[in-house]
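S.K.: Spelled out, the chains give:
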Amino acid sequence: MEIIKAQNVNFYYGSFHALKNISMDIEEKSVVAFIGPSGCGKSTFLRLFNRMNDLIPKTRLEGQILINGQNIYGKNVQVDQLRKEVGMVFQRPNPFPKSIYENVAYGLKVNGIKDPNVIEERVVESLKGAALWEEVKDKLKKSAYALSGGQQQRLCIARAMAVSPQILLMDEPASALDPISTSKIEELIRELKKQVTIVIVTHNMQQASRVSDRTAFFYMGEMVEYGRTKDIFTNPEKEATQNYITGRFG
Amino acid sequence: MVKFIESELEQLNKEIDEMWILVYSQLENTREAVLTSNKGLAQQVIVREKRVNAFELKIDSDVEDLIALYSPVAIDLRFVLAMFKINTDLERLGDFAEGIARYVVNKEDSIPLDADLLKELQLEKMFDEVLSMLSTAREALRQENIDLTAQVFEKDNILDELNHNSTAILTEYAKNNTDQIPQCFGLSSIFRKLERAGDHITNIAEEIVFYFNAKILKHNHKALMDDMIS
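Chains as they are written, first to last, in the working numbering: chain Y, 27 to 276; chain H, 41 to 270.
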C-alpha cells in the first residue's frame with residue numbers, strides 16, 4: 027500500500043520551473059532512491075514531502091502530495107505535526123549543541139513527553155535502533171560534537187527516529203562520510219526499513235543500488251524513469267537513465 | 041572525453057574477438073585435418089590449444105578486474121557478463137577442436153577416410169555449418185545485428201539432424217565393414233563433438249541477445265524468433 031502519493035506535481039522557484047508534472051507512488055516500508063545530476067530537482071522533490079520548501083520565498087506548488095491519503099498542503103495540516111511524521115536527515119550531520127542524550131530527548135520533550143522514564147527508554151531504544159548505543163552508552167552526557175562525523179549522522183538518525191516517524195527523508199546522508207561510516211548508514215537504512223518508509227537522495231549510484239527497493243531518475247525537473255532498482259540498474263527502459271547510471275551522461 | 045570504463049570495455053571486446061578468431065581457426069584447421077587425414081595439421085591444432093586455454097584465463101582475469109574496479113551497470117554489466125560467458129563457450133569449442141584433432145593424430149594410418157561414407161554422412165557440411173554458425177554469431181556481435189542470431193539458432197537444427205542421421209548411417213556401415221568399426225566410433229565421436237559445438241555457439245548467440253535486449257532466452261529460441269518476425 028502506498029504511503030506517499032504525488033499527483034501531477036509542478037514546483038516553481040519564482041519563474042523557474044523546477045519540477046515538471048511529477049506523479050509517483052511510494053510503498054509503505056520501502057526504500058526509494060532519487061538519483062540524477064545536480065540541479066535535476068530530486069532534493070526539491072524530497073523536501074516537498076515535509077514542506078521544507080515552505081521556508082523558501084517565492085516558491086509555488088501545483089498538484090498534490092498525499093501522505094496516508096491526506097493532502098499535506100491542505101489548509102488544516104499542522105506543519106510541526108507533519109514533520110513529526112516525516113523526519114529528515116541532511117547531508118551534513120547537524121546535531122544540536124547539547125549532550126548526546128539531550129539531542130535524542132529533544133524531539134520527545136518538544137512533543138510533550140515529560141515522564142523521564144519514558145524519555146530515557148525512548149532515547150536508549152532510538153540509539154540502539156541507530157546502531158550507536160554501544161559506542162555512546164558510557165558518554166551520554168558528553169557533547170554530541172565530540173562524536174565523529176559518522177556517529178553524529180547516526181545520532182541525527184536516532185533523533186529523527188525517537189519521535190517514531192512514519193517516513194524518513196534522507197538527503198545525501200552519507201556523502202560527507204568515510205566508507206566505513208557510509209556502510210554503517212547503509213546497514214542502518216536496511217534495518218530501519220522494517221519500521222519506516224525511507225526516501226533517499228544520493229549521488230552514489232552503488233549506494234542507490236545497494237539500499238533501495240525502487241529508484242527514480244530525475245533530469246531537468248522531470249522524472250525520467252521510476253521502477254524497481256534491480257531493473258533500473260540492469261535494464262533501464264530509458265536511454266537517458268542508461269547514460270546517466272553508466273557515467274556517459276551529457 | 042572517453043570514460044575509463046569505455047576503454048576497458050573496448051579492450052575486452054578486442055580480446056574476445058581475438059579469441060574468437062583463434063578458435064575459428066582451430067576448428068577450420070581441424071576440419072581440414074579430418075577431411076584430408078593431415079596429422080601434421082592436427083598436431084598443430086593440439087599445440088595451439090594451449091594458447092586458447094591461456095587466452096581464456098587472461099580474459100577471465102580481465103573480467104574480474106573490470107567488475108572489481110569499474111562496477112559496470114546496465115548495458116555495460118550485460119556486456120561484461122555476456123563476454124564472460126562467451127569466453128567459456130569459446131574455450132569449450134577449442135576443446136572440441138583439440139579432441140577431434142587427437143582422433144586424427146591417433147588414427148593408426150594416414151589413409152583418408154572412406155570418401156563415400158563421408159559424403160553420405162555429410163561430415164564436410166557438418167563442419168561447414170559449425171564454422172558458419174561461429175562466423176555468423178561473431179558478425180551478429182560486431183554489427184550489433186540481432187537478426188543474425190536467429191540464423192545461428194536455425195543452423196543448430198541442421199546440426200542436430202545431421203548428427204541424428206549419422207548414427208543410422210554409421211551403424212549400417214559398421215555392419216557391412218567390420219574392420220572399420222574403430223573408424224565408425226571415431227566418426228561418431230566427431231559428430232557428437234560437432235553437435236555439442238553447435239550447442240555452445242547457440243549459447244553464444246543467446247548471450248549476444250542478452251547483451252542487446254536483456255532478454256534471457258534460455259531454451260526459448262522459438263519465442264525469440266517469433267518475436268523478431270512479428
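A hint or two may mislead.
[Said to hold, decoys possible] Derived contacts from chain Y toward chain H, CB cut-off under 7 Å, selection only:
#1 Phe259
#2 Gln268
#3 Asn269
#4 Gly273
[Unchecked claim] Pair by pair, the computed Cβ-Cβ distance ranges are:
#5 Glu54(Y) to Leu62(H): 51 to 57 Å
#6 His204(H) to Asp257(Y): 39 to 45 Å
#7 Ser174(Y) to Ser101(H): 34 to 40 Å
#8 Leu62(H) to His229(Y): 38 to 44 Å
#9 Glu161(Y) to Glu184(H): 49 to 55 Å
#10 Asp57(H) to Lys220(Y): 47 to 53 Å
#11 Ser49(Y) to Glu58(H): 48 to 54 Å
#12 His229(Y) to Glu184(H): 27 to 33 Å
#13 Gln183(H) to Asn120(Y): 30 to 36 Å
#14 Asp200(H) to His229(Y): 50 to 56 Å
#15 Leu62(H) to Ser174(Y): 34 to 40 Å
#16 Arg254(Y) to Asp200(H): 49 to 55 Å
[Claimed, not checked] Not close to chain H: a few residues of chain Y, all C-beta gaps over 10 Å, as computed:
#17 Ser41
#18 Met78
#19 Lys110
#20 Val150
#21 Asp204
#22 Glu212
#23 Glu217
#24 Thr260
#25 Pro262
#26 Thr267
#27 Ile271
#28 Thr272
#29 Arg274
No wet-lab data here; the hints were simulated from the structure.
Ideal Cβ positions, reconstructed from N, Cα and C, are used throughout, including at glycine.
S.K.: Minimum Cβ distance from Phe259(Y) to chain H below 7 Å?
M.R.: With a closest approach of 5 Å, the Phe259(Y) hint holds.
S.K.: Going by Cβ atoms, does Thr267(Y) stay more than 10 Å from chain H at every point?
M.R.: For Thr267(Y), whose nearest Cβ neighbour in chain H is about 8 Å away, the distance does not exceed 10 Å, so it is violated.
S.K.: Can the suggested window of 48 to 54 Å be confirmed for the beta-carbon pair Ser49(Y) and Glu58(H)?
M.R.: holds (50 Å)
S.K.: Just double-check Glu217(Y) for me: nearest Cβ-Cβ distance to chain H has to come out over 10 Å.
M.R.: holds (24 Å)
S.K.: Would you say Lys110(Y) is clear of chain H, with no C-beta pair closer than or equal to 10 Å?
M.R.: holds (37 Å)
S.K.: Evaluate the given range 39 to 45 Å for the C-beta pair formed by His204(H) and Asp257(Y).
M.R.: Roughly 41 Å apart at Cβ, these two residues keep to the hinted range, so it holds.
S.K.: Note whether the CB distance of Ser174(Y) and Ser101(H) lies within 34 to 40 Å or breaks it.
M.R.: For Ser101(H) against Ser174(Y), whose Cβ atoms are near 38 Å apart, the range 34 to 40 Å holds.
S.K.: Evaluate the condition: distance from the CB of Pro262(Y) to the nearest CB of chain H exceeds 10 Å.
M.R.: Not fine: 6 Å to the nearest Cβ puts Pro262(Y) too close to chain H.
S.K.: Mind verifying the non-interface call on Met78(Y)? Its CB should be farther than 10 Å from each CB in chain H.
M.R.: holds (31 Å)
S.K.: Is the distance from the Cβ of Leu62(H) to the Cβ of His229(Y) consistent with 38 to 44 Å?
M.R.: At 43 Å between Cβs, range holds.
S.K.: Honestly, do His229(Y) and Glu184(H) meet the 27 to 33 Å range at C-beta?
M.R.: Given range 27 to 33 Å: holds, Cβ gap about 31 Å.
S.K.: Let's test the interface hint: is any C-beta of chain H closer than 7 Å to that of Asn269(Y)?
M.R.: Violated: closest Cβ of chain H sits about 9 Å from Asn269(Y), beyond 7 Å.
The structure fails to meet hints 3, 13, 15, 16, 24, 25, 26, 27, 28, 29 from the earlier list, while all remaining hints are met.
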